[in-house]
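Peer 1: Chain residues, written in single-letter form:
2 protein chains.
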Amino acid sequence: EDWRSRRTVQIFQYILLKWAFALIIGLSTGLVGIFNNIAVENIAGFKLLLTTELMLKHKYYKAFAAYAGCNLGLATSAAALCAFIAPAAAGSGIPEVKAYLNGVDAYSILAPSTLFVKVNVIGIIFGSIFGVAAGFVVGKEGPMVHTGSCIASLIGQGGSRKYHLTSRWLRYFKNDRDRRDLITCGAAAGVAAAFRAPVGGVLFALEEAASWWRSALLWRTFFTTAVVAIVLRGFIQLCSTGTCGLFGQGGLIMYDISAAKVEYSTPDILAVILLGVIGGILGSLYNYLVDKVLRTYSIINEYVTHSIIDPGPNGSVSAEEELLLRSYFCPNTDVSGNYKSFQCPPGHYNDLASLFLNTNDDAIRNLLSTNTVKAFHISSLFIFFVAVYCLGIITYGIAIPSGLFIPVILAGSCYGRLVGRLFEPISKLDVGLFSLLGAASFLGGTMRMTVSLCVILLELTNDLLMLPLVMLVLLISKTMGDMFNKGVYDQIVKLKGLPYMEAHPEPYMKHLIARDVVTGPLITFSGVEKVGNILHALKNTGHNGFPVIDEPPFSDAPELCGLVLRSKLLVLLKGKAFSNDRVLAGNKVLSKISELDFAKAGSGKGLKLEDLDIQEEEWDMYVDLHPIANTSPYTVVETMSLAKAAVLFRELGLRHMCVVPKSQGRPPIVGILTRHDFQPEHILGLYPHIRFQQ
Amino acid sequence: EDWRSRRTVQIFQYILLKWAFALIIGLSTGLVGIFNNIAVENIAGFKLLLTTELMLKHKYYKAFAAYAGCNLGLATSAAALCAFIAPAAAGSGIPEVKAYLNGVDAYSILAPSTLFVKVNVIGIIFGSIFGVAAGFVVGKEGPMVHTGSCIASLIGQGGSRKYHLTSRWLRYFKNDRDRRDLITCGAAAGVAAAFRAPVGGVLFALEEAASWWRSALLWRTFFTTAVVAIVLRGFIQLCSTGTCGLFGQGGLIMYDISAAKVEYSTPDILAVILLGVIGGILGSLYNYLVDKVLRTYSIINEYVTHSIIDPGPNGSVSAEEELLLRSYFCPNTDVSGNYKSFQCPPGHYNDLASLFLNTNDDAIRNLLSTNTVKAFHISSLFIFFVAVYCLGIITYGIAIPSGLFIPVILAGSCYGRLVGRLFEPISKLDVGLFSLLGAASFLGGTMRMTVSLCVILLELTNDLLMLPLVMLVLLISKTMGDMFNKGVYDQIVKLKGLPYMEAHPEPYMKHLIARDVVTGPLITFSGVEKVGNILHALKNTGHNGFPVIDEPPFSDAPELCGLVLRSKLLVLLKGKAFSNDRVLAGNKVLSKISELDFAKAGSGKGLKLEDLDIQEEEWDMYVDLHPIANTSPYTVVETMSLAKAAVLFRELGLRHMCVVPKSQGRPPIVGILTRHDFQPEHILGLYPHIRFQQ
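So the sequence lines, in the order shown, correspond to chains A and B. Residue numbering for the first sequence is 1 to 694, as defined by the working numbering. Residue numbering for the second sequence is 695 to 1388, as defined by the working numbering.
There may be inaccurate statements among the hints.
[As the list claims (entries may be wrong)] Here are the computed distance ranges between Cβ atoms for each label pair:
1. A/A503 with B/Q704: 20 to 30 angstroms
2. B/N1324 with A/D516: 14 to 24 angstroms
3. B/H1198 with A/K576: 38 to 48 angstroms
4. B/I1072 with A/G653: 52 to 62 angstroms
5. A/D516 with B/N869: 25 to 35 angstroms
6. A/L584 with B/I993: 29 to 39 angstroms
7. A/S240 with B/N869: 49 to 59 angstroms
Bear in mind the hints are in silico, worked out from the structure with no lab data behind them. Note that the structure is a prediction, hence the values are computed from the model and not measured. Ideal placement from N, C-alpha and C gives every residue a C-beta, glycine not left out.
All chains should be built: construct the whole structure from the sequences, respecting the hints.
Peer 2: Structural data, given as structure tokens:
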């Protein structure tokens, strides 16, 4: 169970493997990240080059057809991949990872089988490549986090026993805790690869993804993201020689604005505060709308089996919109950057086209560019902001792997630049920096993170002098947003109906005690139990944990011996370590069944009740449950306040908590609490009057 | 007890106050930080100017006398302040803060009385100013963390009731949890102010200082350091106009090296790995020597009452050394910076003098300077490194407020530059960057932090492109260091004998159960207890918590009612809510004694047994303990593994844990575990054979 009971060699194996896994996760996620980037930039670059060339030859209809065709093709491929091969790849993936790390061990959260994980990874990777290349307003960080976690989950499953691709070493990772640790590393690596922000990745995993945290994990996560950073750094240096096709623009810093002169005074700070307030409001509105859109999509999906129809029209809508929204201005320019001349005479460029007809990354780079006050017209910025805000919301719901960071940064930086242009007469701050602050305010308003967003933005832009202002904006926008609703990932977790344990217990839990929420008939086993009883209980309940009670003659009075898990019971029954009499079997059982069999199986791979082959005559035999019982489960007294029990449950990352009676002379256990018992729906269902008292 | 049971207005008051306190802590720590900086740079600047002027006039003896006199005077003042006024101000302060946040509530850790805290703060501030200005190799971050924590502690004590300087509002903070939260914010603010590194401050508090952490705290800490950053930014802008005397050199980035071109290839990485390995070894040697030196000093201190004698000779030693170690080279220079010409013709400078005859900050700045390969001779670097390494170790033990960061960065950057010079023929990396990596390796080797050091270094130097290498070096040096001994702060905590709870339980705890370490006769109270019994127990034991047991007629069988704290018992006895018969008093007691009286008093201010005035005839009266008992204490079953109990104890931040029996028909409580019971000394004392088995 615990590695401290193992021998020195085994501890060494465990530690070696732990770090090797962290290395592998870092390497693979880094490679996926760089592959993703190269593919997106090459596909999108090809598409944009083709269109632009056709337009320069004044073949507008052909250009439109080519552009729309490319988008439609890419979007359809992305959606088809998701719909037919890996449905779990759709969406951001971050809410699922968050729920898993909270302790929700639901089927299919991180892919049910090894093969499926592999397919999923491919689905996510190519889905997100096609999606981003199709010009959707989607980010790649959500899919990258999902990819990183899936890789970690794949590694944690420890090979395949069926194909003899496993090793005794890998058994150490067949438990919840080590698997959660690996997935935390995977999530951090995903963010690090998506934004080339290693420290930001660690903090993201700490602040947003993980529900509980140990300092040792901090160090391991840090190692993983360091590996990602080194892989990325190496490939970027390689690509700077021009060997990666159209890729090679961005360095390790994605949107470097360190060249800007940071100077601000009181009016600027007022402007920044206003920016934060509006950003927070827009952000929470964004969350509200995403929630509504997702609900609508799920209703639509009930009627239409596959949501593959969605991206089609969407893809062409965005194509149409982009070509129709022609700009009427061609400002002269001497700035460098990805400015598109699009129908303008040489030496001039079209500002809207520079935003729409570009990859999202380049658009953000243009928006954040400093010393280019007049580069974008106020009207262009406004049109682009409205378009991105709406497209971002609509696109999130469709069935492709998509992240929220990039759309939010895009809309936010556009909004920031807009505010910067409006405050131009009284402000000394560069509009590019306003753009950064706008992105910060919007991120704060939707994601509701603080330190990790701050560090991610810092690593994206390499401008440390803006730190005080970025911190200020984040604080204001998070405060504003929190007044209206929850963070976007929390909302999605709720929407998906995952039993997430909140960090703070609800106020009414203070007035309830643990006994109040214990429901249902409690099923307990005796220390040496009849096989028939166990089979009956396994068949007729969905419980995953059963208390074991020692009764005379094995003890003087009934007492709680421990807790057995369904999965271990199944293995024990499969092993048929039965006896005809009610006697203790001791460690004979464990010599019959290998320790390896008891290790937690990959999700969906465990034994099922149907796999058992128990004969009628074996029903009356006995089986000793002592060897497989966890003899020191966490217990609380029935009169403990529910709020206190909830804190205990979450802080220790439990799955089952035994409630014991306060007074003597009663059965030694009152009931078992699981995470479902702490859900507000369950409690309010039991005590409907609480809702009115609030 | 818990704020959730309060009314809406009270919750609003609480939240408002919580943020107001964070604001005040941020503001005060920021102001102290900037005041510190201005004072140090002015005093040290004056001293150095005087000496240099005298030397230029070839009055060497006068120069020496002036320099030594200044140093001696400053050092004596610093030590006198500490020795006579605020002895608790000596040393770094970080280990004490760390122990407090781990739950050690020892007398005098964070100053026993309000007045004393104030004196302490002044002691720390001026002590560190004088110490740094005297040219000691000491840092200011330790004292700043201590100052921040003391300010927080002062605020948390909620004014003085004696002088009617309190408010009903402040009672919310009279409990352990809120006070710990405030002190965490104070520690973060201290680091933020010392290094102008707001994000680094948050991470330092998270990684090193705090033992347990909630996400809400992350946000509040972030707010506090944001305030610090804004205060610092404002003053630095103000000082850049030249109104702060000799201050005004450094911007928000203390050692900006972002101008350097970062380019590295395979041989550089090998050099960097070597750097990390040696840095880790040197760092753990540093820890070992600091430990030895501190033990020696404490032995000396047993003989000599005040350690004021130490700094005197030390101060003049460093003066002498500095003047005697004249450099034999005067390289020509066209670089800007704080280079001293010291006995060299104009246009030339003396490289050793540039290091020794400078404040520590300027010396680090010189060492980190890029594009200045030949600026320092290898021999000068070597001499300086040895001097700083030894002086840093010796100085830490003397009785002035001193931090470890600056000495370690100074020694590390010197060592890094030295390695850089040695690898010059095969390395493309700038020696200034080698210097940064040297500092990182040394910090990693002594402090054993990862993410927070990385971010602090980033915020100190503003060079994001070095991030992958800095991460690599930190990982290597931490790993190397961990092979030999523990981090320096952990060592000091151990040395001071504070009962610190480690994050990981010791391996042998796995083989023990909770009952095994319960010692001593258990003293329990009945639900309605005789006054005499309580007085007797309070007088004859040092226990802080007593279990309360309900017996017939108040319950059917003896059952555990809850836990009462010594402090609450004293208040109850002082209130004299006694009755002649053994009956339940109910809430009548609370109407007699104000809720405010039960709030946790400032450390050292609580009621004492001697303050009680109980008459002989009252000894036979009864007092009802139900109103003050905590009716849902955390309990564990006696057979729970000790390792599991230790994790529970630490993760929930407990002070007392009740051990209940597994079988029925026995008294309802077996014993109480406190943090002392989990200390290895206690356990190994009970089971000496474990030591041999290991």
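Peer 1: All hints, please: hold or fail.
Peer 2: Comparing the hints with the structure gives:
1. As the Cβ distance of A/A503 to B/Q704 is approximately 21 angstroms, the hint placing it in 20 to 30 angstroms holds.
2. A beta carbon spacing of about 19 angstroms between B/N1324 and A/D516 agrees with the range 14 to 24 angstroms that was offered as a hint.
3. Checked against the hint of 38 to 48 angstroms, the C-beta distance between B/H1198 and A/K576 comes to roughly 39 angstroms, which is consistent with it.
4. Checked against the hint of 52 to 62 angstroms, the pair B/I1072 and A/G653 passes, with Cβ atoms roughly 53 angstroms apart.
5. Judged by the Cβ atoms, the range 25 to 35 angstroms given for A/D516 and B/N869 holds: they are separated by roughly 26 angstroms.
6. Judged by the Cβ atoms, the range 29 to 39 angstroms given for A/L584 and B/I993 is violated: they are separated by roughly 58 angstroms.
7. For A/S240 and B/N869, the Cβ-Cβ distance of about 57 angstroms falls inside the hinted range of 49 to 59 angstroms, so the restraint holds.
Hint 6 from the earlier list is the only one contradicted by this structure; the remaining hints agree with it.
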